[in-house]
Amino acid sequence: MEQAITARVYVLGDDVDTDQIIPARHLAISLDDAAERARYGGLALSGVPLEKAGLPGGNRPFSDTISSRSPYAIIVAGKNFGCGSSREHAPVALAEAGLRAVVARSYARIFYRNAIDGGYFPPLESEEDLTGWFATGDEAVLDLGAAALRNITKNRECALREPGAAGEIIRAGGLFEYARGRGLVEKRR
Amino acid sequence: MAGMTLTEKIIAGHSGNGRVSPGMTVWVTADLLMTHDVCGPGTIGILKKEIGEHARVWDPDRVVIIPDHFIFTGDADARRNLDTLRGFVKEQGIRHFYDAGTDRYSGVCHVTLAERGHLRPGEILFGTDSHTCTAGALGLFATGIGNTDAAFVMATGKLWLRVPETMRFVLEGTARPRVTAKDIVLSLIGGMGVDGAAYRTMEFCGPVIDRMGIAERMTLCNMTVEAGAKSGIIAADGTTQAFLKGRGVAASVAVGGDPDARYHSERRVDVTALKPQVACPHSPDNVRDAEECRGIKVDRCYIGSCTGGKIEDFVMACEILDGRRVAVETCCVPATAQVARELQTRTVGGRTLGAILTAAGATIGPPSCAACLGGPPDTFGRLNRGEVCISTTNRNFPGRMGAPDSKVFLASPYTVAASAVEGRITDPGRFSG
Ligand code: SF4
Numbered sequence: 001m002e003q004a005i006t007a008r009v010y011v012l013g014d015d016v017d018t019d020q021i022i023p024a025r026h027l028a029i030s031l032d033d034a035a036e037r038a039r040y041g042g043l044a045l046s047g048v049p050l051e052k053a054g055l056p057g058g059n060r061p062f063s064d065t066i067s068s069r070s071p072y073a074i075i076v077a078g079k080n081f082g083c084g085s086s087r088e089h090a091p092v093a094l095a096e097a098g099l100r101a102v103v104a105r106s107y108a109r110i111f112y113r114n115a116i117d118g119g120y121f122p123p124l125e126s127e128e129d130l131t132g133w134f135a136t137g138d139e140a141v142l143d144l145g146a147a148a149l150r151n152i153t154k155n156r157e158c159a160l161r162e163p164g165a166a167g168e169i170i171r172a173g174g175l176f177e178y179a180r181g182r183g184l185v186e187k188r189r
Numbered sequence: 001m002a003g004m005t006l007t008e009k010i011i012a013g014h015s016g017n018g019r020v021s022p023g024m025t026v027w028v029t030a031d032l033l034m035t036h037d038v039c040g041p042g043t044i045g046i047l048k049k050e051i052g053e054h055a056r057v058w059d060p061d062r063v064v065i066i067p068d069h070f071i072f073t074g075d076a077d078a079r080r081n082l083d084t085l086r087g088f089v090k091e092q093g094i095r096h097f098y099d100a101g102t103d104r105y106s107g108v109c110h111v112t113l114a115e116r117g118h119l120r121p122g123e124i125l126f127g128t129d130s131h132t133c134t135a136g137a138l139g140l141f142a143t144g145i146g147n148t149d150a151a152f153v154m155a156t157g158k159l160w161l162r163v164p165e166t167m168r169f170v171l172e173g174t175a176r177p178r179v180t181a182k183d184i185v186l187s188l189i190g191g192m193g194v195d196g197a198a199y200r201t202m203e204f205c206g207p208v209i210d211r212m213g214i215a216e217r218m219t220l221c222n223m224t225v226e227a228g229a230k231s232g233i234i235a236a237d238g239t240t241q242a243f244l245k246g247r248g249v250a251a252s253v254a255v256g257g258d259p260d261a262r263y264h265s266e267r268r269v270d271v272t273a274l275k276p277q278v279a280c281p282h283s284p285d286n287v288r289d290a291e292e293c294r295g296i297k298v299d300r301c302y303i304g305s306c307t308g309g310k311i312e313d314f315v316m317a318c319e320i321l322d323g324r325r326v327a328v329e330t331c332c333v334p335a336t337a338q339v340a341r342e343l344q345t346r347t348v349g350g351r352t353l354g355a356i357l358t359a360a361g362a363t364i365g366p367p368s369c370a371a372c373l374g375g376p377p378d379t380f381g382r383l384n385r386g387e388v389c390i391s392t393t394n395r396n397f398p399g400r401m402g403a404p405d406s407k408v409f410l411a412s413p414y415t416v417a418a419s420a421v422e423g424r425i426t427d428p429g430r431f432s433g
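Sequence lines, in order, name chains A and B. Counting from 1, one number per residue, gives the positions in the first sequence under this note's numbering. Counting from 1, one number per residue, gives the positions in the second sequence under this note's numbering.
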C-alpha cells in the first residue's frame, strides 16, 4: 500500500448505501470476467440522487461511463458509509473506477470489512465530519503514514483514526494475503 | 469477573477462548455458511483465484446454497449465475442446494434456512447477505459478510470477528391489536438511527418476546441490520424448541447469557402505547406513526420479502383484505415455495389466504426476493416508473425497489393491507374487529 496519495476528491453525504454505490439491477454482471468486471467502474455511485452526486453542488457523476474510470481517487463522506446490503460489488465498483481510499466519519460494518478483507482500498475514519470543508474536485494529499488528509486547495489538514487490528490486514493487502503470511491458508501455487 | 452475554458466550465457545469481551478480535469456527445467486458466483471466483482451481470447501455439508434473488427474469447474466452455482455444487458435493427450476426450489434464503431446519441455537452462521441476522431469532450468532470473507470461510471454516458489544432491549407491556414486530423494530430504528447499533449486537428479551412466535421474532431480528447492527439475537426457549421440533431438529436450548453479564446498554421498552409505524422515504429511520402519514396516495402496495413475506405476514394482510377490494395494484410475493403452498391451505374466516388475496384483486407472484431489491427491469412488482409504494420489505433507500425516483414507505402487513384498501396510507386500527 502506498504511503501518500495525491488526488482529486469526490464528496458525499451521510448514509450512502450500497444500492446507491451499485444499484441492484447490475449485480448479475460477472465479477470474475475481467472485461465485465471493468464495467462496474462506470456504474459506481450511479444510484446516488443527482442533487447529492458530488457535494456541495451535486450533478457531478463520479465516473465516466465511456472509460468506466473516475477522475476522483479519494472519496470524502459523512457517517455510516456503505450501509445496506452485503454486496462486495460495492467496493469492487469503486476500485474498478480507480478509487484508492475512502475517508468517512464512520462506516457500516460489512462494507468496512469488505473493503479491508478484499484489499480494495483502505476505509479510513476521520476524527471529525469533513464533508463541510471539502468540495468535489478539491485536490488533497492522503498521508497514510502520518494518518492525515490535507486539502491542498483549501490548505487545511485533518487527522485520521488509526484502524486498529484491521490495520494489519490493510497493510497485508487483504485477508487472504494476511492469512497466507501467517500460515492460515496454503501458499498460492 | 463479570459474566458473558449470550452473543459473547457463543463467540467464546467457537473461538477456543474460555471467555471473550467486547472489542477483542478473535478467530471463530463457522457452523454454517449460506450464499445465494447474487453473491455466490463472486465468492466461488475468489475461492478459485486465491486457493486455486483445485480448491475444496472445508465441509460440503456446512455450505447451504439458496438461489433467490434474480430467479424469474429473462436476464441472461442472472441465468449464467445460476449455472455457476450448479457447477460448483456438483464439483464440491454440496447437498444443501435449493436449485431454481426444480422441486427443491425454495426462495428467500433467510426464510428457507429456518423453514428447512438448517438453524440450531448456539451456532454461528455466516451468510453473504446482510439480512443473515434474521437467524438470530432462533438463538444463533448470525451475521452478513461479503464475498472475500465467504470465500475465506469456504476455504478454512474460520473467520475473524470483533466481539460486539450487546445492546439489550427488554420489551414489556402488551401491544395493541394490529401492532406487530415490524412496528416495534421500526420504532426502535426510528429512535436510534440507521447507525444507532453500528458494530453491536441487539438482543431482545422480556415478556413481549416470551409471547412472540418465531415468525415475528424473525421480523424483529431481520431489521437489526437497518440500525447498523452486526447481529440480532433472542435466546432460545420453549417456542424455539417447538419450532425446531416441527422441522426435525433436536436442539438443546441451554444457551443463554450469564445473569451477571455486562451490556453496552439495557433499555426497557413498553410497547403498550405503540401505534402502527411507517418508515418514510428514503431511509428506514425516517419513522412516523402511520396516522401521521394518513392520506398520502400510493400507486402500489407490496407484500413480500424475508421481512414481510412469511405465511404469518399473509395471515395479517388477509385479516384486513377478507371481503374487501384493493384500490391500487397490490403485489404479493410469498417468501418461499412453502409459503406459496400454504397460501392455498391456510384459512382466515373460512377461506384460504390465496382465495382472499385474489378476490381482493391482489396479484400473487412466484416466491423469490422479487422487487424487494429492484432487480432486473422485468422483475415482478418492480417500481419501474417513479411509483409511490408502501411495502412490507426492509429498506427504502433511493432506488432500492427499482427506479431512482420511486418512493418507498415501509410498514407492517396490516398497514400495507389497510393502505391497499384505501389507496392511501392508512392506520390499520381503522379496520379493527
Ligand atoms: S427478500 Fe429482500 S432483503 Fe430479504 S434477502 Fe431478498 S433481497 Fe434481501
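Since the hints were made in silico from the structure, they are not lab data. Here the structure is a predicted model, which means the values were calculated and not measured. By construction, the Cβ of each residue, glycine as well, lies at the ideal position given by its N, Cα and C atoms. One should not assume that every hint holds.
[Unchecked claim] If you want the footprint, here are the derived chain A segments under chain B, 3+ residues with CB under 8 Å:
hint, stretch
1, 98-105
2, 145-156
[Stated by the list, open to error] Simulated pairs of lysine to aspartate or glutamate, DMTMM-like, Cα-Cα distance not exceeding 25 Å:
hint, chain 1, residue 1, chain 2, residue 2
3, A, 52, B, 387
4, B, 49, A, 36
5, A, 52, A, 64
6, B, 9, B, 91
7, B, 275, B, 289
8, B, 158, A, 36
9, B, 90, A, 186
10, B, 48, A, 168
11, A, 154, A, 14
12, B, 48, A, 14
Now the hints, each set against the structure:
1. 98-105: Not satisfied, violated; 0 residues make the cut.
2. 145-156: n = 0 at 8 Å, threshold three: violated.
3. 52(A) - 387(B): holds (21 Å)
4. 49(B) - 36(A): It holds: about 16 Å lies between the C-alpha atoms, which stays within 25 Å.
5. 52(A) - 64(A): Judged against 25 Å, a Cα distance of about 17 Å means the pair holds.
6. 9(B) - 91(B): Violated, at roughly 36 Å.
7. 275(B) - 289(B): holds (6 Å)
8. 158(B) - 36(A): With Cα atoms ~30 Å apart, residue 158(B) and residue 36(A) exceed 25 Å; violated.
9. 90(B) - 186(A): Roughly 24 Å between the alpha carbons, so the hint for residue 90(B) and residue 186(A) holds.
10. 48(B) - 168(A): holds (24 Å)
11. 154(A) - 14(A): holds (22 Å)
12. 48(B) - 14(A): violated (36 Å)
Going through the hint list in order, the structure does not satisfy hints 1, 2, 6, 8 and 12.
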